[in-house]
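Listed below, chain by chain, are the residues.
Protein chains: 2
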Amino acid sequence: MPRQITAFSNPLVKRIRGLREKRHRKEERMFLAEGLRILTEAREAGRLPRYVFFAAESAHHRLVQELVDAVEKAGGEAIETDRDILHKLSGKDNPQAVVGVYDEFATGLDAVDRDRAGIWLVAQSLRDPGNLGTILRTGDAVGAGGLILIDDCVDPFSVEAVRASMGALFTQQIAHARWPDFLAWLRAGPGQLVGMSLDTDVDYQAPHYAAPTFILVGNEAQGLPDDYAAQCDLLVKMPMLGKADSLNAAVATAVMAYEVLNQRRRSQG
Amino acid sequence: MPRQITAFSNPLVKRIRGLREKRHRKEERMFLAEGLRILTEAREAGRLPRYVFFAAESAHHRLVQELVDAVEKAGGEAIETDRDILHKLSGKDNPQAVVGVYDEFATGLDAVDRDRAGIWLVAQSLRDPGNLGTILRTGDAVGAGGLILIDDCVDPFSVEAVRASMGALFTQQIAHARWPDFLAWLRAGPGQLVGMSLDTDVDYQAPHYAAPTFILVGNEAQGLPDDYAAQCDLLVKMPMLGKADSLNAAVATAVMAYEVLNQRRRSQG
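Residue numbers (UniProt numbering), protein chains in the order written: chain A, 1 to 269; chain B, 1 to 269.
By construction, these hints were calculated from the structure, which means they are not laboratory data. Check before you lean on any hint, since a few could be wrong.
Which copy is meant is left open, because identical chains are indistinguishable; a pair holds if it fits in one copy or across any two.
Said to hold, decoys possible - Think about it this way: if two alpha-carbon atoms lie no more than 25 Å apart in a straight line, the pair counts; the simulated SDA-like pairs of lysine to any residue are: (1) 237 - 77; (2) 22 - 237; (3) 237 - 267; (4) 14 - 266; (5) 22 - 94; (6) 243 - 176; (7) 92 - 77; (8) 243 - 36; (9) 237 - 21; (10) 73 - 188; (11) 22 - 231; (12) 26 - 266; (13) 26 - 243; (14) 243 - 70; (15) 73 - 179; (16) 22 - 208; (17) 14 - 117; (18) 243 - 107; (19) 73 - 211; (20) 237 - 262; (21) 237 - 201; (22) 92 - 112; (23) 92 - 219; (24) 22 - 188.
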């Protein structure tokens with residue numbers, strides 16, 4: 001039976017609201033996700049929140065009821081609340097009717113089973129949470145296994161990244177590693193490391209990509225460090241006809257990931 | 001000879017700072033762009049700011065000097081200032097050393113010469129300024145002619161959109177139209193209108209695209225309205241293998257635009 005909270009001063013509300021800050025997320029090892037669509041996708045992927053807050057007026061929505069039942073059955077807590085509290089939790093002027101609080105996932109490389117998928121995305125020092133979430137969403141679409149974050153990336157559990165991922169945070173595996181540890185792990189098994197770089201003449205449509213393909217994108221402003229690029233099996237570049245000679249990191253990753261997917265589709269066809 | 005401004009209360013600083021709000025941009029018909037790289041690309045594309053603010057410590061940078069000279073020669077004004085003022089103008093904690101204030105461009109469809117490019121991007125009710133800027137940047141990369149905004153889109157001259165475009169705002173043509181006016185203009189000349197939709201079984205790699213191709217992307221949350229989709233020459237869909245069955249709007253546009261570009265590259269090869 002859901003309890004009700006409508007007081008701003010409620011300690012749980014204060015604690016959950018704090019999860020919008022990285023420091024508190026790391027202390028609590030929990031993060032926020034908003035919206036019935038994303039929470040339902042998480043549920044379908046086998047992830048249930050520890051806490052779910054929902055607006056009283058959406059209590060009779062079938063998916064909300066199913067979610068609340070599932071959370072309570074799993075030992076979590078469902079909390080009926082109002083728009084003001086949801087606004088306070090989400091920080092959005094127009095808050096979603098449902099907010100979930102999830103335990104952070106483990107992000108060790110040791111949990112990554114590379115044979116599970118033919119495409120893996122790898123991002124180095126990615127700074128923008130929107131880009132990170134968008135790359136997760138693309139990974140979901142192309143059937144990638146997950147996203148491996150190298151060095152100091154933005155937190156994948158930040159509210160902005162979770163939001164931009166549109167639920168893919170729950171379907172994609174997330175790992176985090178320093179570059180030398182990633183390389184050692186990668187070279188201990190099969191895998192082609194393909195770096196996207198402006199310092200190459202190899203057109204991204206020229207190579208035949210071998211599975212599992214690890215698509216590596218560098219930092220938004222700097223691109224890949226030279227010594228990282230030197231360790232790749234291949235460096236490739238999209239054609240760029242314009243003045244700017246660069247693409248958004250999430251866009252470049254997607255164009256590249258669809259090329260690999262299209263090659264696989266042709267070879268199966 | 002640049003004048004110096006270091007007082008927050010300076011009326012020009014207050015006025016320029018106001019351009020971060022749409023209301024003031026529309027009144028003044030001017031907008032902000034930040035960063036030497038973007039301002040230099042604008043200059044190379046033939047666009048000079050009416051005002052250029054630069055940090056005193058970057059006054060001896062060659063590109064800053066060239067920019068200042070060009071602005072003054074063209075009758076604009078160069079203003080030497082400090083980091084605090086630049087922070088105030090840009091709203092960023094770590095402001096760029098140069099901020100330019102440009103006259104808004106005309107955005108009528110009548111200025112669009114469709115024969116100038118084989119790809120045009122069209123976005124309907126796009127809401128996110130980052131997506132809009134990213135689509136402009138992609139347009140620059142694929143050699144598109146420009147971006148046509150349909151119905152109520154986010155302002156392409158917002159600080160966030162200009163930033164995300166990485167200078168492509170100055171190399172891509174921007175037009176704005178209501179849907180019926182766009183359709184009337186489109187049908188008065190050659191052009192294939194290709195809508196991206198989830199409600200089709202046509203794989204985006206199946207058709208042969210005819211130039212000029214107009215790639216139409218819908219609102220981030222709603223996609224294209226059904227009656228807009230019905231007016232397209234073709235509806236296509238990217239394969240999506242995951243749970244979410246959707247892509248970020250800027251990502252979908254880029255994957256589609258590169259498919260058209262790749263077809264053109266093959267037919268020329």
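Do the hints match the structure? See the list:
Within a single copy, residue 237 and residue 77 get their C-alpha atoms no closer than 49 Å, and across copies no closer than 40 Å, so neither meets the 25 Å cut-off. For a Cα distance limit of 25 Å, the shortest separation of residue 22 from residue 237 qualifies neither inside one copy, at 34 Å, nor across copies, at 37 Å. With identical chains, the CA atoms of residue 237 and residue 267 are at most 25 Å apart both within one copy (22 Å) and between copies (20 Å). Proximity of residue 14 and residue 266 under a CA criterion of 25 Å is satisfied in neither setting, with 53 Å inside one chain copy and 58 Å between copies.
In this assembly of identical chains, the alpha carbons of residue 22 and residue 94 lie at most 25 Å apart whether taken from the same copy (23 Å) or from different copies (20 Å). In this homomeric assembly, residue 243 and residue 176 come within 25 Å of each other (Cα to Cα) only across copies, at 23 Å, whereas the closest approach inside a single copy is 34 Å. For the homomeric pair residue 92 and residue 77, the shortest alpha-carbon distance inside one copy (23 Å) is at most 25 Å, but the shortest distance between copies (40 Å) is not. For the homomeric pair residue 243 and residue 36, the shortest alpha-carbon distance between copies (15 Å) is at most 25 Å, but the shortest distance inside one copy (42 Å) is not.
Taking identical chains as interchangeable, the C-alpha atoms of residue 237 and residue 21 are never at most 25 Å apart, the minima being 36 Å within one chain and 38 Å between chains. With identical chains, the CA atoms of residue 73 and residue 188 are never at most 25 Å apart, being 41 Å at best within one copy and 62 Å at best between copies. For a Cα distance limit of 25 Å, the shortest separation of residue 22 from residue 231 qualifies neither inside one copy, at 32 Å, nor across copies, at 47 Å. When the C-alpha separation of residue 26 and residue 266 is checked against a cutoff of 25 Å, the pair qualifies neither within a copy, at 44 Å, nor between copies, at 50 Å.
Taking CA atoms no more than 25 Å apart as the test, residue 26 paired with residue 243 passes in neither setting, with 42 Å inside one copy and 28 Å between copies. When the C-alpha separation of residue 243 and residue 70 is checked against a cutoff of 25 Å, the pair qualifies only between copies, where the shortest distance is 20 Å, while the shortest distance within a copy is 53 Å. Within a single copy, residue 73 and residue 179 get their C-alpha atoms no closer than 41 Å, and across copies no closer than 50 Å, so neither meets the 25 Å cut-off. In this assembly of identical chains, residue 22 and residue 208 lie within 25 Å of each other by CA distance neither inside one copy nor across copies; the values are 40 Å within and 48 Å between.
Proximity of residue 14 to residue 117 under the C-alpha cut-off of 25 Å is found in neither arrangement, the shortest distances being 40 Å within a copy and 54 Å between copies. For the homomeric pair residue 243 and residue 107, the shortest alpha-carbon distance between copies (21 Å) is at most 25 Å, but the shortest distance inside one copy (39 Å) is not. Taking the shortest Cα distances, residue 73 and residue 211 never come within 25 Å of each other, neither inside one copy (40 Å) nor across copies (57 Å). With identical chains, the CA atoms of residue 237 and residue 262 are at most 25 Å apart both within one copy (17 Å) and between copies (13 Å).
When the C-alpha separation of residue 237 and residue 201 is checked against a cutoff of 25 Å, the pair qualifies only within one copy, where the shortest distance is 7 Å, while the shortest distance between copies is 30 Å. Taking CA atoms no more than 25 Å apart as the test, residue 92 paired with residue 112 passes in neither setting, with 34 Å inside one copy and 38 Å between copies. In this homomeric assembly, residue 92 and residue 219 come within 25 Å of each other (Cα to Cα) only across copies, at 20 Å, whereas the closest approach inside a single copy is 28 Å. Taking identical chains as interchangeable, the C-alpha atoms of residue 22 and residue 188 are never at most 25 Å apart, the minima being 33 Å within one chain and 54 Å between chains.
When the structure is compared with the earlier hints, violations turn up for hints 1, 2, 4, 9, 10, 11, 12, 13, 15, 16, 17, 19, 22, 24 and for no others.
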